[in-house]
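Model the placement of chains B and C on the given structure of chain A, informed by the hints.
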Amino acid sequence: MFQQIFSPSVQHTLDLIGIFVFAISGALLAVRKNFDVFGIAVLAEATALGGGLFRDLVIGAVPPAAFTDLGYFLTPLLATLLVFFLHPQVERIQVGVNVFDAAGLGLFCVAGTTKAYEYGLGLTASAALGLVTAVGGGVVRDVLANEVPSLLRWDRDLYAVPAIVGAALTALCIGYDVLNPLTSALAAVAAFVLRLLAMRFHWRAPRAWNRRSTVREEPPDQAAPPKATA
Amino acid sequence: MFQQIFSPSVQHTLDLIGIFVFAISGALLAVRKNFDVFGIAVLAEATALGGGLFRDLVIGAVPPAAFTDLGYFLTPLLATLLVFFLHPQVERIQVGVNVFDAAGLGLFCVAGTTKAYEYGLGLTASAALGLVTAVGGGVVRDVLANEVPSLLRWDRDLYAVPAIVGAALTALCIGYDVLNPLTSALAAVAAFVLRLLAMRFHWRAPRAWNRRSTVREEPPDQAAPPKATA
Amino acid sequence: MFQQIFSPSVQHTLDLIGIFVFAISGALLAVRKNFDVFGIAVLAEATALGGGLFRDLVIGAVPPAAFTDLGYFLTPLLATLLVFFLHPQVERIQVGVNVFDAAGLGLFCVAGTTKAYEYGLGLTASAALGLVTAVGGGVVRDVLANEVPSLLRWDRDLYAVPAIVGAALTALCIGYDVLNPLTSALAAVAAFVLRLLAMRFHWRAPRAWNRRSTVREEPPDQAAPPKATA
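Protein chains in written order, with UniProt numbering: chain A, 1 to 230; chain B, 1 to 230; chain C, 1 to 230.
No lab work stands behind these hints, which were simulated from the structure alone.
Some hints could be false.
Given that identical chains are not distinguished, each listed pair holds provided it fits within a single copy or across any two copies.
No more than 25 Å apart at the CA atoms, straight line, and that leaves these computed lysine to any residue pairs for SDA-like [unchecked claim]:
1. Lys33 to Leu78
2. Lys33 to Ala205
3. Lys33 to Val99
4. Lys33 to Val161
5. Lys33 to Trp154
6. Lys33 to Leu151
7. Lys33 to Leu81
8. Lys33 to Asp155
9. Lys33 to Asn146
10. Lys33 to Arg207
11. Lys33 to Arg156
12. Lys33 to Pro88
13. Lys33 to Trp209
14. Lys33 to Pro206
15. Lys33 to Val95
16. Lys33 to Phe100
17. Lys33 to Val97
Because the structure is a prediction, the values reported are computed rather than measured.
Next comes chain A alone, as it looks inside the complex (with noise of 0.2 Å):
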């Protein structure tokens, strides 16, 4: 991904630091769910390269880089093997695991934008997979757990929000044409550093207007993550 703008080793180490992080919420979740360690492998597999799978489908750039890399096949599994034997001390500094996943998203949805823009896709529709590139995994996860989408839940701190100005930054700057290692760079952090104030001050979108939901609302302790002992 954006191969001519950083170094490709700095890259491909940036990339591998998101599809670690990625993975890392993929075993966690896993663990919760009561999934043996395969089950903690495929999760940790599919939250990691589920959005950049899909991305590389809808462009055309098969097979995917998750299945021509092979450290991308192989971070998934270290994440399962230390959420496997220290889940307790991984959950203790779960502030930290999203630190770093607000760092993957922002990596993510800058590179998936330019990969998107590079295989000859229009501004807005690389902005979209760019978006889709970051919050795929995270979809996919939820939806092998049987879980509704926390990307979808109103009681989740923004997580759309911040992956979609990233992109579109990166999107704005291919259409100036003033991206470049700089910039890219700004937009991943403005896209983080959004993702840190959502979940500092609680940001949250807003539901429909005159909301009459037959769905009754779960309570407040099934919707919390679960407290991590020690």
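Here is chains B and C on its own, set in the frame of chain A:
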């Protein structure tokens, strides 16, 4: 889709109408599930574009139409805005929405079959893919919303059969080399009318013989669609 | 798949057997979930063809075999008819179905690995895709039926491990250039026997260490497969 048959602008308008009404059905489910505005938009896009996206990936038409035509991407956002601000009104005209959804079903099963055949699939496979184009978006919608797909449930009025009839009629017309705007329209209308009749008379498909299911059936008030309140 | 290895007709017959038994497992779940006859057909098709369809999309083999070979499409419909009319009898021979499903698992992990390698993937990626070919249909089945994928659950007998072993053996044979009908068959038989042993002795994979899950475990009578009644 079937560009040679209707004039492109007529066909494009029909496509956008189908996309719009499918998006409305996705957005309404999102409101019922208490999703926030981004959840509504995601479900609207997925419902409207999911079936065609799957078809385009299968026939190798990448990037899919959903990512190359800006109108396809923006129409579901329009539906999102409408439902976000006016959803009690939209639900009150649920009957009207259902009629449009039936129209979308008719249009998409014909267009999907035709496009699949143009890309070299056999007649049976084309009809199967036309069916998937028509009903796929609704399945994606229900899977993302963590519900049993309405398509599969026995307590829903026939939905697959009208699409199967429309797709099969289209494949027959292709097979006998009589596909033209008139026969295409007839196939779409046949699916449309069949769906309207199924809704009007609550036609349902049989379940397996000698059923001794161990799954508790949901109480009827759960299964019934939510009432719109004035 | 691996056309050069077995004579095409033998391979095709093996494929159809695998598709048939996977379709049976999808159709039986649909009956338990109270789906109507079209829901049974959809779940049978998705279970039987889902894994191979995903593999073909990833390796760029479009249109996928599922849409070019009429036999692949019709076999699940045959399974649907059988289960629709005779499902108490089919459930009573659940043991037999499980044995055939294990055979399908063995065949598909070998065939999937071989086909992925033929399309240019590396050995590790080919084995991973062989695994996905074998277990993907079951995941699609469970996601469509709105259940936690049986593949991920700790309270199910080992399913992934036999497929991993079969796929890895196949990749090893390719790597040492000794893949032939005999070694292919041995790899498939290894996966088959391992799965039979896992079912016989209820082998299960471990869950994460120091598990303190906040998810309530389902009561055992829910988790147990439904009894077949005479």
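For a quick check of understanding: which of the numbered hints are violated here, in increasing order?
none
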